[in-house]
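**Student:** Each residue of the sequence shown is one higher than the one before, counting from 3 in my numbering.
Be aware that a few hints might be false.
DSSO-like mimics (lysine-lysine), calculated; alpha carbons at most 27 Å apart, straight line [claimed, not checked]:
(1) Lys58 - Lys48
(2) Lys162 - Lys138
(3) Lys359 - Lys139
(4) Lys148 - Lys48
(5) Lys359 - Lys48
(6) Lys371 - Lys359
(7) Lys48 - Lys222
(8) Lys152 - Lys371
(9) Lys101 - Lys393
(10) Lys101 - Lys146
What follows is a list of derived Cβ distance ranges for each label pair [unchecked claim]:
(11) Ala418 - Val305: 44 to 50 Å
(12) Ser370 - Glu406: 18 to 24 Å
(13) Glu265 - Val305: 43 to 49 Å
(14) Ser390 - Tyr362: 28 to 34 Å
(15) Ala169 - Lys139: 24 to 30 Å
Simulated from the structure, these hints should not be mistaken for laboratory data.
What you are looking at is a predicted structure, and each value in this text was computed from that prediction instead of being measured.
Glycine included, every Cβ here is placed at the ideal spot set by N, Cα and C.
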Amino acid sequence: MTEKLTLAVNHALSDVRLARAREMALSPGMGLDAKRSSAWCEYGFKEDLTFDDLYKLYRRGGIAYGAVNKLVSNCWRTNPQVIEGELSDESRKLTAWEKVSNQVFTHRFWRAFAEADRRRLVGRWAGILLHIKDSKKWDQPAVKGKALQKISPVWASALKVGSRDNAGAITMWQYTESLSDGSTSQRDIHPDRVLIIGDMSDDVIGFLEPGYNACVSLEKVEGGSGESFLKNAARQQNINFDKDIDFNNLASMYGVTVDELQERYNEAAREINRGNDALLITQGAQITSMVSAVSDPSPTYSVNLQTFSSSVDIPSRIIVGNQSGERASTEDQIYFNARCQSRRGDLSFDIEDLVDKLIYLQALKPVSKFSIVWDELNEQSPSDKLDSAVKMSNINQTSLASGEAVFSGDEIRVAAGYQPLGNDVLGEDDEEDEET
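Model the full structure from these sequences, guided by the hints.
**Tutor:** This is the structure:
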């Protein structure tokens with residue numbers, strides 16, 4: 003009865019798999035093989051990816067984890083600066099607005115923003131909770147003119163739209179908070195206290211999504227090769243008895259029946275695998291270890307690694323930390339720095355949205371224009387900066403013959419990598435004089 007039930011269950015599961023494969027073959031799926039539309043089903047690739055899939059890939063996949071963290075850590079190697087006005091000379095004095103804003107945009111503030119950026123890369127978008135010092139509940143509108151205490155990054159899975167108005171604008175968020183004891187609590191949060199970075203659209207393509215299939219294949223290569231080495235290390239024994247062997251005589255040597263002989267051999271095999279001294283009486287039998295040849299996983303692993311590397315636009319040497327070849331590694335690092343520098347331009351839009359929100363909440367005073375400034379990731383080394391400063395000084399000495407220096411002392415200090423001596427706070431009167 004049990005065997006018939008097992009056969010029936012297996013047959014039903016087989017029918018389900020075949021039906022699913024036919025359904026995928028008839029429907030326009032994500033696979034590119036027009037001849038075999040169900041190929042994705044055979045490869046084990048998912049048709050649709052959810053936040054849980056991407057989060058699991060980041061949490062348990064070393065390649066995906068490394069790609070996200072290295073991109074974020076390099077982009078946020080140094081903190082940006084929010085300055086008043088357009089991009090200008092670094093040797094100018096700080097304005098009064100910049101002096102106040104620097105008290106908000108602290109190192110701790112930018113670390114929290116970088117963490118939100120990390121979570122956005124994993125889950126397509128992320129949230130930032132604004133802690134306003136207004137003594138109001140989270141579901142109440144923020145009181146304007148109050149200071150910002152801190153910001154907290156939030157995973158996309160923890161934020162859901164609570165309600166919308168007739169125009170489609172969000173009027174309330176639902177936040178699921180994870181507590182220290184493992185439980186969760188839900189609370190409503192007013193949109194004044196939430197900032198979203200990333201794209202919440204249904205058709206947005208996540209950072210890890212194009213390389214997800216390659217990571218699935220990488221997991222198969224890693225797990226399959228590891229399992230092959232494990233099975234070979236287990237040293238399963240194969241005993242080939244001669245056709246004329248007398249099992250009754252062999253069992254009597256162990257003092258057991260023929261039915262119990264198999265277990266005695268299993269005990270002896272376990273003792274051998276544990277490395278203990280054990281005697282195995284064979285009497286006309288040959289013992290061999292069941293070992294299969296393990297193929298080198300490097301070529302297959304390398305192909306999938308390069309596919310994933312292409313999907314995230316990060317050199318594979320950077321992801322895995324393989325710095326073989328000085329010139330190749332240097333070129334990869336230069337390319338990666340340029341890629342991160344370009345991404346900083348996109349991050350500037352997110353920072354501008356946050357500054358605009360703080361100005362709307364009157365946590366910062368409004369200004370006619372502000373800009374986001376990043377330093378150069380491929381900038382000169384300290385030695386190169388000093389060489390540039392020396393050259394600028396030499397140019398000044400040569401130009402003094404005509405009666406005018408080309409560079410100021412502060413410009414030379416900035417070129418050498420130091421703060422200008424006259425970097426005091428620029429007041430309103432000074433601003434007017436400077437404009438004049």
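**Student:** Tell me the hint numbers this structure goes against, listed in increasing order.
**Tutor:** Violated: hints 4, 5, 9, 12 and 14.
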